[in-house]
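Colleague: As a plain string of letters, each chain reads:
Protein chains: 2
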Amino acid sequence: MLVVQKFGGSSVANTERILNVANRVVETYTAGHNVVVVLSAQGDTTDDLIKKAHEICDSPSKREMDMLLSTGEQQSVALLAMALSNMGYPVVSLNAYQVGMITTSSHGIARLKEIKTTRLNRELERRNIVVVTGFCGISKFEDITTLGRGGSDTTAVAIAAALGADLCEIYTDVEGVYTADPRIVPNAQKIEAISYNEMLELASLGAKVLHNRSVEMAKKYGVELVVRSSLTRATGTIVKEECKVEKMLISGIAGEDDVARISLIGAPDAPGQAFKIFSALAKADVVVDIIIQSMGQNNTRDISFTVDCASLNDAKNVIEANKERWGIAAVDYNQDLAKVSIVGAGMVADAGIASKMFEAMYDNHINIHLISTSEIKISILIDKDYMKTAMKALHDKFCL
Amino acid sequence: MLVVQKFGGSSVANTERILNVANRVVETYTAGHNVVVVLSAQGDTTDDLIKKAHEICDSPSKREMDMLLSTGEQQSVALLAMALSNMGYPVVSLNAYQVGMITTSSHGIARLKEIKTTRLNRELERRNIVVVTGFCGISKFEDITTLGRGGSDTTAVAIAAALGADLCEIYTDVEGVYTADPRIVPNAQKIEAISYNEMLELASLGAKVLHNRSVEMAKKYGVELVVRSSLTRATGTIVKEECKVEKMLISGIAGEDDVARISLIGAPDAPGQAFKIFSALAKADVVVDIIIQSMGQNNTRDISFTVDCASLNDAKNVIEANKERWGIAAVDYNQDLAKVSIVGAGMVADAGIASKMFEAMYDNHINIHLISTSEIKISILIDKDYMKTAMKALHDKFCL
Chain C
1 MLVVQKFGGS SVANTERILN VANRVVETYT AGHNVVVVLS AQGDTTDDLI KKAHEICDSP
61 SKREMDMLLS TGEQQSVALL AMALSNMGYP VVSLNAYQVG MITTSSHGIA RLKEIKTTRL
121 NRELERRNIV VVTGFCGISK FEDITTLGRG GSDTTAVAIA AALGADLCEI YTDVEGVYTA
181 DPRIVPNAQK IEAISYNEML ELASLGAKVL HNRSVEMAKK YGVELVVRSS LTRATGTIVK
241 EECKVEKMLI SGIAGEDDVA RISLIGAPDA PGQAFKIFSA LAKADVVVDI IIQSMGQNNT
301 RDISFTVDCA SLNDAKNVIE ANKERWGIAA VDYNQDLAKV SIVGAGMVAD AGIASKMFEA
361 MYDNHINIHL ISTSEIKISI LIDKDYMKTA MKALHDKFCL
Chain R
1001 MLVVQKFGGS SVANTERILN VANRVVETYT AGHNVVVVLS AQGDTTDDLI KKAHEICDSP
1061 SKREMDMLLS TGEQQSVALL AMALSNMGYP VVSLNAYQVG MITTSSHGIA RLKEIKTTRL
1121 NRELERRNIV VVTGFCGISK FEDITTLGRG GSDTTAVAIA AALGADLCEI YTDVEGVYTA
1181 DPRIVPNAQK IEAISYNEML ELASLGAKVL HNRSVEMAKK YGVELVVRSS LTRATGTIVK
1241 EECKVEKMLI SGIAGEDDVA RISLIGAPDA PGQAFKIFSA LAKADVVVDI IIQSMGQNNT
1301 RDISFTVDCA SLNDAKNVIE ANKERWGIAA VDYNQDLAKV SIVGAGMVAD AGIASKMFEA
1361 MYDNHINIHL ISTSEIKISI LIDKDYMKTA MKALHDKFCL
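Going down the list, the sequences are from chains C and R. Note that the working numbering has the first sequence beginning at 1, numbered continuously upward. Note that the working numbering has the second sequence beginning at 1001, numbered continuously upward.
Read the hints as simulated data drawn from the structure, not as lab findings. Note that this is a predicted model, so its numbers are computed, not measured. Treat each hint with caution, since some may be false.
Okay, derived cross-link-like pairs now, DSSO-like style, lysine-lysine, Cα gap no bigger than 30 angstroms in a straight line [claimed, not checked]:
1. R:K1140 - C:K140
2. C:K51 - R:K1051
3. C:K113 - R:K1116
4. R:K1116 - C:K140
5. R:K1323 - R:K1276
6. C:K140 - C:K62
7. C:K116 - R:K1116
8. R:K1140 - R:K1113
9. C:K116 - R:K1113
10. C:K113 - R:K1140
11. R:K1113 - C:K140
12. R:K1140 - R:K1062
13. C:K52 - R:K1052
14. C:K52 - R:K1062
15. R:K1052 - C:K62
16. R:K1051 - R:K1388
17. C:K62 - R:K1116
18. R:K1140 - C:K116
19. R:K1051 - C:K52
20. R:K1323 - R:K1384
21. C:K116 - R:K1062
22. R:K1062 - R:K1316
23. C:K316 - C:K276
24. C:K356 - C:K190
25. R:K1052 - C:K51
Pairwise CB distance ranges (calculated) [as the list claims (entries may be wrong)]:
26. C:T30 - R:N1367: 49 to 59 angstroms
27. R:A1031 - C:G222: 57 to 67 angstroms
28. R:N1014 - C:K356: 54 to 64 angstroms
29. R:H1033 - C:R325: 36 to 46 angstroms
30. C:K51 - R:T1030: 28 to 38 angstroms
31. C:T30 - R:E1320: 29 to 39 angstroms
32. C:F275 - R:E1125: 33 to 43 angstroms
Don't be surprised by glycine CBs; every beta carbon is placed ideally from N, CA and C.
Only chain C is shown next, with the shape it has when bound in the complex (with noise of 0.2 angstroms):
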């Protein structure tokens, strides 16, 4: 059997975590099986690398940025190596060069394009224990990319489309995905399986468990996940096409306080209004999440729409550039805000779903500044400072 497993940045912060992480490793690959170990970097490594970048200046290269934080990747997996090697088992660490793990060349924000096998089925016919960084990628220019924050997961599905791996486990700090974050929400339970497609919603609605373009890629190539603790031997929660599990209304709430708010005001009602606004933003390389039109006054429209935090600054650059050519009357900016939400796959069925979390809202006295629904979720936002309140209000209204 082929294994990949994926450790997170608190799983490898220190020596001792290293170590434990070297003897779970180990009980794979004496098992039999072939392990590619895919690693973040230590603890607050990136953090601090970050910190050193704004040291030098405010807004550096992010070219630059990508060179300096791929440092943190490729020390993670030397230490687990010399570890491994220590202990007496073959191993070899990659980076994304010796893999070949080629992205686009959107530096901070690169997309997985290719993943070359060359290097690693090599490595693995010889049985050695491959440790390869996460997060890292090198462009059609051979520059080094990152693919953003939580990306290690998504390096780690891919590699486990990419060889045809039977297993990919996320080894993080819980013990798997919760039916709202547990430090949150005291009495969240652990789900033990759910569909791509719930975890989909969940993971791009904030519960930072899984990284969402991960469960995309693990859905997309039918990578089996399992995402399970790195300090206890809890079973964990698995990610796959189709759940045994009886399906539950509500299968998890997801908070997160990273939100911007950013409402376009009176833009004119003419084709091709939206398409010019979000073109020149992704050309920014600002990546949009809700995005809601209503009528405007006058017959004009109103257009809000969200980012997170860090890219406000992009995002205003690009408006207050265009928008007096585009049109618009006024723009409202709002940071102080959280994003609530609630995912089911069987929210479909039932009608009364959203009126129950309004009431939920109503009841704890928190305001809703914008709604916005698909088929197996529906996200509200609302002051930050309710994000708490509201998770644990969801969390009782749905019994979970």
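Knowing the structure of chain C, use the given hints to seat chain R on it.
Modeller: Below, chain R alone, put in the same frame as chain C:
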């Protein structure tokens, strides 16, 4: 003009120093020159990484150590490129892969075999400032290698040679090459110009200003070197083939206190004996410095040689595994030694130099353990505790 500028670890130790380096680089660039900058890891980064590795295990895999250490240089080049980019100059950082810095596969002590110039030239043609990682290379297996301590000097000279640069400037924290280490001999004088050969002896004898392999390479390819301070405007020391300044009898005094001596006593007097011993050591990547062979008792030979203290364990392992087969009667190890040397192109013409050196030791009651001479240097091994005294005494004796 094409100028290669190398800045050592202390020159890029913190944000302020990096911004200082950026200013120095810009001065050269805005004067109309093309600039390639070669950097070491920041300050104590390499030592910190080695410490981290040793927390994992006592003797980490050398391949993985190179994977780990090379991240230090990559961080430096990214940070300097950010600074230059922020100042408005076109710049690109490149690591050993991106340049194509091909080395042997001896991890930790690799030697440069070839430097690809395609990407370097392409970036220079675009008038980019190119910032390259020193110290690091790539083996034919696409594994990361390092050139050993001080290897960044070698990287700089090799790039200067490969690109046919007009000048290679080695920036450091002292103002040039001195007649002795000014921290040990306070009245040491800065040398204005010195020949490759003299510099070579000084460098290999522990004057830590320039890495000896960099001087060898500069000599081989006729690269003109300047050693100067990154913190002051002093003119520095020129290293080139012909020195127009008047030849001094003795150009410098060097001391090194990281020396271990190994004596193999009573080896059979047979052909191939030295070959067997030193080829076994070379296979274990032990770099031997001084070798002395003398007559022993009963038609045997005594062979003594020195290694740096870090290599002593590796050397011991080789010797203990082979000494019976080699017919060695006894082995003696001593690592409390220092090597003190006097260097000068004028030395060969003056028979009194050696006796003057030994007299200075006698005057200071310093016992000499071993003597080794060449045409332009004399080295002695003495007890480590007397190194400073010996260097001062020699400096006074030869009126430098």
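Colleague: All hints, please: hold or fail.
Modeller: Here's how the hints hold up against the structure:
Of the supplied pair hints, the one linking K1140 of chain R and K140 of chain C holds, its CA atoms being roughly 21 angstroms apart against a limit of 30 angstroms. Distance restraint check for K51 of chain C and K1051 of chain R: the Cα-Cα separation of roughly 23 angstroms lies within the 30 angstroms cut-off, and the hinted pair is therefore satisfied. Restraint check: the Cα-Cα separation between K113 of chain C and K1116 of chain R comes to about 27 angstroms, which is no more than 30 angstroms; the hinted pair holds. In summary, the hint linking K1116 of chain R to K140 of chain C is supported, as the alpha carbons are separated by about 18 angstroms, within the 30 angstroms threshold.
As the CA atoms of K1323 of chain R and K1276 of chain R are separated by approximately 11 angstroms, the hinted pair is consistent with the 30 angstroms bound. Between K140 of chain C and K62 of chain C the alpha-carbon distance is near 16 angstroms, which keeps this suggested pair within the 30 angstroms criterion. In summary, the hint linking K116 of chain C to K1116 of chain R is supported, as the alpha carbons are separated by about 23 angstroms, within the 30 angstroms threshold. Between K1140 of chain R and K1113 of chain R, the direct Cα distance comes to roughly 10 angstroms. Compliance with the 30 angstroms bound is thereby established for this hinted pair.
Taking the CA atoms of K116 of chain C and K1113 of chain R, the gap is near 27 angstroms; set against the 30 angstroms cutoff, the hint holds. Of the pairs offered as hints, the one joining K113 of chain C and K1140 of chain R holds, with about 26 angstroms between alpha carbons and a cut-off of 30 angstroms not exceeded. Pair hint K1113 of chain R plus K140 of chain C holds up; C-alpha atoms about 26 angstroms apart against a cutoff of 30 angstroms. In summary, the hint linking K1140 of chain R to K1062 of chain R is supported, as the alpha carbons are separated by about 16 angstroms, within the 30 angstroms threshold.
Note on K52 of chain C and K1052 of chain R: the hinted pairing holds, with a Cα-Cα distance of about 20 angstroms set against a maximum of 30 angstroms. Among the hinted pairs, K52 of chain C with K1062 of chain R is consistent with the structure: their alpha-carbon atoms are about 28 angstroms apart, no more than 30 angstroms. Of the supplied pair hints, the one linking K1052 of chain R and K62 of chain C holds, its CA atoms being roughly 28 angstroms apart against a limit of 30 angstroms. A C-alpha spacing of about 29 angstroms is found between K1051 of chain R and K1388 of chain R, which places the hinted pair at or below 30 angstroms, so the restraint holds.
Pair hint K62 of chain C plus K1116 of chain R holds up; C-alpha atoms about 26 angstroms apart against a cutoff of 30 angstroms. For a cut-off of 30 angstroms, the pair hint linking K1140 of chain R to K116 of chain C stands: about 18 angstroms separates their Cα positions. Annotation: proposed proximity of K1051 of chain R to K52 of chain C holds, straight-line Cα distance about 21 angstroms (limit 30 angstroms). Under the criterion of a C-alpha separation no larger than 30 angstroms, the hint pairing K1323 of chain R with K1384 of chain R is consistent with the structure, at around 28 angstroms.
With a C-alpha separation of about 26 angstroms, the suggested pair K116 of chain C and K1062 of chain R falls inside the 30 angstroms cut-off, and the hint holds. This hinted pair checks out: K1062 of chain R and K1316 of chain R have alpha carbons roughly 18 angstroms apart, not beyond 30 angstroms. Between K316 of chain C and K276 of chain C, the direct Cα distance comes to roughly 15 angstroms. Compliance with the 30 angstroms bound is thereby established for this hinted pair. A distance of roughly 23 angstroms separates the Cα atoms of K356 of chain C and K190 of chain C; the hinted pair therefore holds under the 30 angstroms criterion.
Straight-line distance between C-alpha atoms of K1052 of chain R and K51 of chain C comes to about 21 angstroms, which keeps the hinted pair within the 30 angstroms bound. At about 57 angstroms, the beta-carbon gap between T30 of chain C and N1367 of chain R stays in the expected band of 49 to 59 angstroms. Separated by about 60 angstroms at the C-beta atoms, A1031 of chain R and G222 of chain C satisfy the suggested range of 57 to 67 angstroms. A beta carbon spacing of about 56 angstroms between N1014 of chain R and K356 of chain C agrees with the range 54 to 64 angstroms that was offered as a hint.
Evaluation of the 36 to 46 angstroms hint for H1033 of chain R and R325 of chain C yields a pass: the beta carbon distance comes to about 43 angstroms. Taking the beta carbon of each, K51 of chain C and T1030 of chain R are about 30 angstroms apart, inside 28 to 38 angstroms as hinted. Distance hint check: the CB atoms of T30 of chain C and E1320 of chain R are about 33 angstroms apart, consistent with the given range 29 to 39 angstroms. Range check, F275 of chain C to E1125 of chain R: about 38 angstroms between beta-carbon atoms, so the 33 to 43 angstroms window is met.
Hint compliance for this structure: no hint is broken.
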